[in-house]
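Hey, can you work out the whole structure from these sequences and the hints?
If you read the sequence shown in the UniProt record's numbering, its first letter stands for residue 1, the second for the next number, and so on.
You can take every hint at face value.
Here are the computed distance ranges between Cβ atoms for each label pair:
#1 V11 to Q127: 45 to 55 Å
#2 P122 to L22: 32 to 42 Å
#3 A148 to A104: 22 to 32 Å
#4 T117 to P28: 37 to 47 Å
#5 S144 to D20: 33 to 43 Å
#6 Q127 to E26: 36 to 46 Å
#7 Q173 to P84: 20 to 30 Å
Since the hints were made in silico from the structure, they are not lab data. A virtual CB, placed ideally from N, CA and C, is assigned to each residue, including glycine.
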Amino acid sequence: MKSQVEALDSVFAEMSAATDRLLWEEVPELTRREKALLCLTADVCQQTLGLSFQRHVAMAADCGLSADDLRELLRFVAYDSGYPAALTALARLTDLEREQALPAPTGQGHEVNAGGTGSPLPESMRQAVTALDAPFGGYMDLQSRMRAGMRLLSVRERAFVTMTVDVLFQTLQESFRAHLTRALAAGATPEEARAVVRFSAQFGMTKAWRAMHVLDAMLDELDAARV
Numbered sequence: 001m002k003s004q005v006e007a008l009d010s011v012f013a014e015m016s017a018a019t020d021r022l023l024w025e026e027v028p029e030l031t032r033r034e035k036a037l038l039c040l041t042a043d044v045c046q047q048t049l050g051l052s053f054q055r056h057v058a059m060a061a062d063c064g065l066s067a068d069d070l071r072e073l074l075r076f077v078a079y080d081s082g083y084p085a086a087l088t089a090l091a092r093l094t095d096l097e098r099e100q101a102l103p104a105p106t107g108q109g110h111e112v113n114a115g116g117t118g119s120p121l122p123e124s125m126r127q128a129v130t131a132l133d134a135p136f137g138g139y140m141d142l143q144s145r146m147r148a149g150m151r152l153l154s155v156r157e158r159a160f161v162t163m164t165v166d167v168l169f170q171t172l173q174e175s176f177r178a179h180l181t182r183a184l185a186a187g188a189t190p191e192e193a194r195a196v197v198r199f200s201a202q203f204g205m206t207k208a209w210r211a212m213h214v215l216d217a218m219l220d221e222l223d224a225a226r227v
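Below you can see the structure in the form of structure tokens.
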């Protein structure tokens, strides 16, 4: 993969390699598995499904992520990235697995419960969204309910994925607060939350800069609320 980038532009390859060294070797708060998941999340959201996605799929395999794990990631992120974006990534992933003779998925999934009722979201959030627009509240209930049974990715991993989506799309109010709170409730430390935002700088530095300001303010608020 490095040779492919060097063939395109050797200077760009050098800059990219230096960036990778910094973020993959000097951000110890995140595991390599978590970093691979966040890279793939960015590829889906930004539709960078060429060399970047190919590289990150290979990294994911090296980190022990299975084809089933990657499909759960795409199913999970679809409600935030948009289903069309996730579907395009799923088709590309399937092509890469075939082209590179990667292990195929086993079909492991979870109960979707699309015809059920309720939602695992906090009741206060559900009430606020329903008050804003009741049909939208119903849509949000459905999306959260269909993902409640996921088990291949941890709660911490899913929270970090959604925080990364927020940074990329600059949705740094209600959803970012909810996803940060979820990460902390899953045992993440404030420094690990900062590392998620810092790691996302490779997908857009100014977006990460803005998100870091918002994150620090939210952490201060949450800390003050505990006093």
